[in-house]
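For reference, the chains in residue letters:
Number of protein chains: 2
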Amino acid sequence: MSDVTDVLKEYSADVIKTIEENLAPVQPQNLQDACIYLTKAGGKMLRPALTLISCEAVGGNKEDALKTAAAIELIHTFSLIHDDIMDDDDMRRGMPSVHKVWDEPLAILAGDTLFSKAFEMIISSKEENAHPEHVANALATVADACVKICEGQASDMSFEGDFDVKEAEYSEMIYKKTGALIAAATKAGAIMGGADEKEVTALYEYGRMIGIAFQIQDDYLDVISDEKDLGKPVGSDIAKGKMTLMVVKALAESDGEDHERLLEILKDNDCSQDMVNEAIDLFNKYGSIDYAYNLALENVNGAKEAIAFLPDSDAKSMLIALADFVIARSS
Amino acid sequence: MSDVTDVLKEYSADVIKTIEENLAPVQPQNLQDACIYLTKAGGKMLRPALTLISCEAVGGNKEDALKTAAAIELIHTFSLIHDDIMDDDDMRRGMPSVHKVWDEPLAILAGDTLFSKAFEMIISSKEENAHPEHVANALATVADACVKICEGQASDMSFEGDFDVKEAEYSEMIYKKTGALIAAATKAGAIMGGADEKEVTALYEYGRMIGIAFQIQDDYLDVISDEKDLGKPVGSDIAKGKMTLMVVKALAESDGEDHERLLEILKDNDCSQDMVNEAIDLFNKYGSIDYAYNLALENVNGAKEAIAFLPDSDAKSMLIALADFVIARSS
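Those sequence lines, one after another, are chains A and B.
Anchor point for the first sequence: position 276 equals 276 in full-length UniProt numbering, and the numbering is continuous, going up by one each time.
Anchor point for the second sequence: position 293 equals 293 in full-length UniProt numbering, and the numbering is continuous, going up by one each time.
The list treats identical chains as one, so a pair stands whether inside a single copy or across any two.
Derived DSS-like pairs: lysine-lysine, alpha-carbon spacing no greater than 30 Å straight-line:
#, residue 1, residue 2
1, 100, 242
2, 267, 240
3, 232, 44
4, 240, 100
5, 100, 267
6, 316, 9
7, 126, 198
8, 126, 62
9, 62, 316
Simulated from the structure, these hints should not be mistaken for laboratory data.
Isolated chain A, as found in the complex (with noise of 0.2 Å):
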């Protein structure tokens, strides 16, 4: 496991460097910043690491990819900005949210910023003589990925309340959400090392997998872990009524008065932690948590399998570590 963090680390400084001098021309001085803050609280980092390492698996530069690795970023960052202000939520890697620091106005434009500028970063690729095709792919990627993050927040936003959300829809959502992005980073890593069609199309699915597989497991660790681990109560989830895999299989699978009192406990706005552990034990009844831990293994393996053709290398060793972590991680 920290090998791969430290491989993350690794990977981020240059992806750090990049925004932060990206940011530097931004004006008024507040306004860079709101853009700068989650930059500098910290994160994973795991989106433009698989841009770069993704870049490498082909046997591309990764600085070919910086500019693209450092974007996804940005557009990350700027999904989480507007997202805390939809959701109302107060605190984010550990520190307050944007908007509680400055405030909401301010909140949206720092998000509108940082998603204009991941844009102008992958353009002025070109000026490091990136090949105008790559460019274009790598655009046309991330766009495409915006657009269904939007999507897939509305959707999201949508179940709200709505318990008769199906498991096809839900898996859209988190796909839409979640698996989008992570697959635009390791699809247009791929473009921008020059990847052929057959590789493009299988970092894409890698990509793809690995992200429906994290969002998956940050559902499944917020019922299984401890509190230490986790930095919140266990089952915080249920005691809000959100919507997650595990919710949508114990509904599907119970009838009767098991599905009556887990619909009760989820729409119970004063959840207690006696009920919350009711819910897990109906979960578990149910199956859905090993359900959704297996659905979460098959996607990994999945993604292992998409890229296994590729040629031995550090960075396919790498990308066969991250799949494995993103369900291994216990935070």
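Please arrange chain B on chain A, whose structure you already have, making use of the hints.
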């Protein structure tokens, strides 16, 4: 005048069709509805028309600039939706604003979606055999304008309640907030029309100057119109204590009692129509209304001069008519 309005209508038909086609796949439905709402509400469609006419003025075929024109209108719409949230404006184009019809979260997302779609549309011009270099340059132009729009809005918000703003700071703000996208509209149109460097620069300058004139005229109309033409009370900017060129100039030129009285009126949250009229008298006394009018006129003349070297064409005549229209309009 009616000629200009007719031409704008003529050009806007294809733009609206392109926007509708490109937004049709957006899901879920409420997100799509929020995205298309302001386009359906109608608007002057000045920016996309400028893109198409600029393309023609350099000898291009307007079809080559159609997706870019539609994209620029989407960027404009995105900024209106987010600005209305930030400024808490309830009405837009005579209808309730997007965050009032739906809610703030969905309005934030609709803006983000339009932004994403705008870039996607310019990139997809490639599929219609647009020159890859033109597409890349148009994208860079639009991304640069987006950063400036955010910076301009942040400056505008930071000016609120700050009556020490200098004319140079104010001018920079309106260039970024309004001029930059109009300049991007004309520049991107020229690029898609295959313009040489001199023509691209000229059309950027033309757009920048009519953009500034446009904003000054908006502020000017607020004090010289009658309520019937304006559709809102005369001097509503003064009542709100909004920074305009006339305020900046009158504060810079006045001192003593007049200066203090003007500040008092601007800071008054409960400003009567008599006080508004008193402020307008002070604007007149210190020549700030004439100053604003003359500066708008200078910019319009500068814009026309910038494109004077272009060969005569219907498109060139229309650009000249549009420049005059900017300060001749009464609403």
